[in-house]
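Position chain B against the provided structure of chain A, taking the given hints into account.
Those protein sequence lines, which keep their order, are chains A and B.
The numbering used here numbers the first residue of the first sequence as 327 and each following residue consecutively.
The numbering used here numbers the first residue of the second sequence as 901 and each following residue consecutively.
Be aware that one or more of the hints could be misleading.
[As the list claims (entries may be wrong)] Ranges of calculated distance between the beta carbons of each label pair, as one might list FRET restraints:
no. : chain 1 : residue 1 : chain 2 : residue 2 : range
1   : A       : Leu512    : B       : Phe1136   : 28 to 36 Å
2   : A       : Thr498    : B       : Ala1056   : 48 to 56 Å
3   : A       : Met584    : B       : Leu1087   : 26 to 34 Å
No wet-lab data here; the hints were simulated from the structure.
Bear in mind that the values here come from a model prediction, so they are computed numbers and not experimental data.
From the three backbone atoms N, C-alpha and C, an ideal C-beta is built for every residue, glycine too.
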Amino acid sequence: MVKFGNAWLRRAMGLALACVMSGILFVPPVFAHGEIAQMAGIRMRTIHWFDTQIEPTQVKVNDIVTVRGKFKVSENWPDYVAKPEQWVFLNIGVPGPTFIRLDTTINGMHQYQSTALKRGEFYEYEIKLKARVPGTWHVHPLLNVWQAGPLAGPARFVQITGDKKDFVNTVTLLDGETVDVEHYGLASMWSIHLLWVAVGLLWVAYWFRHLPVMMRRYVAIKMYGEQEAERHLITIKDMVVSAGFVLGILGLTLALMMWSLNRYSITMPLQTGKIEAPVIPLPESQQQVDVKVQHAKFDLPSRRMDMALEVTNRSAEPVRIGQFVTGYARFIDAAVIKDVKADRYDPVATDGLHSDVTWIQPGQTQLVNLTVADALWGEQRLTDIVAEPNLRFAGLLFFYTADGHRQIREVGARMTPNFLPGYVPINTHGGHVALETRDSLS
Amino acid sequence: MSIELGSTEQGEISRAPRGKALNNVQDQVQAWRNADLFFFPLISILIGGAAVFLCALTVGDWSYWMDWRDRRWWPLLTPLLLLVLPTVATYAFWKYFKLPVAATGLALGFWLSQIISRYVNFYLFTAFPMNWVMPEVWIGAAVVLDAVLLITRSFALTGLVGGFLFGLLFSAMNWPVVAPMHMPVQLGDTVMTLADYMGFQYIRTAMPEYVRIIEAGTLRTFGTNVAPVSAFVSGFFAILVYYVFIWIGSKGANPAWLKKLV
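The following block holds chain B by itself, in its conformation from the complex:
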């Protein structure tokens, strides 16, 4: 590749004087480095933070509380909605930079925002135990999505393989986090999971027990193997979500509409 930018990896590079324009290639390189160090974390945290709002509006209680994370709806719904913004950002990062980092960056930004939100809002401010409001983690699934894009260099194939794996892996990646909450406890004559037990103990005035959507649905033909089936279904739907939001990303990343506005 014939893009030579001088000594980009060589020792000290003097900075341009404050208030002065870029004077040489070294200044240019330094500005570009600063752009990397500033913009990528910023975009990750901003869009990741926006994804936290999206998650709050769409997934909501499935994400907040351990006693909502059932085998049926949580692994089906959550990854589909978490996939939306990373997919849109993926298009822009791939088109303009050929960088397979958008999903991972957003997942990291999402994780940071989500952890801060849970710790401050749920643990410090409203005093819920942290183990009961621990958020989901999907960074690994996001890396897989990015890596598959890099390997295939195709949105179509990435949707098919990466999107499917994103939906499929979510449940498996999060089971080790939620498993302690599924240990059985006996309360009086009722046996329940530790998550249910905490749901009874840690009072949520506006959330009665019946409002949870637990095992509601018609999936009754695979015995008790509900979670794997939900994960597969989520994987299939994730393919569709990926394609739809790549298309939306292609429209959003096109500066033509911005030019019309300005």
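So that you can see chain A by itself, here it is in the shape it has in the complex:
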């Protein structure tokens, strides 16, 4: 028996092969889209998704799923990312056409083609989906921005039950004919393809009708030279048949064209275009609270961001900070609002926000030390912000009145990262920062 290499080499190769095979065979199934692999800075400073609802999450084939919510196009959009005023498409992040999209609206306007958005504006959207392929699918709202790529929003898992064969999708063409979208024209497509395949096979069969062909011709050319062999290998009959094929194919092409022009008499070129999404006054657009970020620090070891804010309340009611949203992760002050995880993947820290000032009275300007601390920073890989080319953050601050009305302001600024133990938080009041005494961070 011939052996390859020495024993150690064979063992090493066997081990390598086993590693490769185990890598292939024991890969766990992937259910999501790797959305948190996108740069933290881009997720935090481009689209601020909030109020996202994806429901219902248990449906049958043909049932409708609605994805709705709001987003703010960040005022702190990174300079190194293409801007959304050019081309944007409100999309859905799902594994292929497991759903079909029936309708999309942004601020009430249908968006079947591309659109454009303005930085600093709030938008409300709704996407209607129809369940198509059974399975459990991760569903995101998603904005494709020209040259910037997909900017995914928060997701939910939606389970579709039933049989794909029961899926129905019909449409009425402009000529009045109602057709099955997934099979329309398919029979004629196959027929035309097979017709051309038959023509091709006929041509090949003509040349290979008397075997052997290739080697006999090869030997002839070797023996007699190209010129002489060509004279004998190509006959008048071959010429006539070839001319017949050319004419026949031209005729067949013309006939098929005439047939298609008759069968599909009203056609139009592919359509494209851009309809700029309108800016309409949403409740969130009201700006009666002003916020300036004086300092911001991010402590990597404790997964904590501290912000020193100057807040001016220009409204008629006292307000307090209850929520901070960045990269669609929600940090909640449990003393202000209650939020629960929609499912175990829902990126929410239900008690991850603390402020050293409770109420900011009307007309008052107040310095506020805000602490956003939770493992969610790490779970969502937002901690990567400290390793980015532009050490800036942005997010939405939610202010609440006593009766639950809210105002939303975007904050964004440079921030100073801290990589080592011994972190000293920001304290603009001279005392301890609210969270400094918390057990969870001690």
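Quick look at chain B alone, frame taken from chain A:
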């Protein structure tokens, strides 16, 4: 022609015993027949399959999706890139066999590979409707290319006539396939083709609408007759492509460089 190979078309020919060398002319003929039956389909499928990769890398989405096949770029670009490998193979088949079947064989191999790819990858695996990802068909254009070579016995004339027809006919041959997808549909207040409509409905997460290249260009002087003009332009460029790749085929088919390597 004085190449007599015995009874090549006469009844039963006994095969050489397994493991034995060829003993007589009949064995030789049988081996040559087997070579025909084995190598031509193999080469067609292999190079046709390679052409599918080439098509994926160069034509890509224009070939995959019905809502990419516009009147301007699809009929211009696609035939030029599809012509590359058949032209290279044509040189070798003509030089060594005087057989005008290379383009047709590759077109058939391409068709088979492409249909399998679309059916398995796009229809079965990712669940896109087959009518929306039906590939282009260019077997007829390939037969014309081969037939013109046979009639003219000249690469120069084949490039001029066959190459031109290859580029010109592509659009016309494929219109009956794509025509159903160009029927108009109204969605809300927007009228679009059925292909656009399916592009909206059948979600492609990584492919926003704006990334399609639809009617982009400066060809604005022939009214709405864009497709025929694109087809003619493609025909003219196809002549050039044919000449370039016949030359490349002549270099590739020359065994001298192989001898230097070995």
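key: Met584 of chain A versus Leu1087 of chain B beta-carbon gap, inside 26 to 34 Å or not   = For Met584 of chain A and Leu1087 of chain B the Cβ distance comes to about 30 Å; the hint holds.
_The hint says 48 to 56 Å between Thr498 of chain A and Ala1056 of chain B; measuring C-beta to C-beta, is that right?_
54 Å, holds
Would you say the C-beta atoms of Leu512 of chain A and Phe1136 of chain B sit inside 28 to 36 Å of each other? Distance hint for Leu512 of chain A, Phe1136 of chain B holds at roughly 34 Å.
Checked against the numbered hints listed earlier, the structure breaks none of them; every hint is satisfied.
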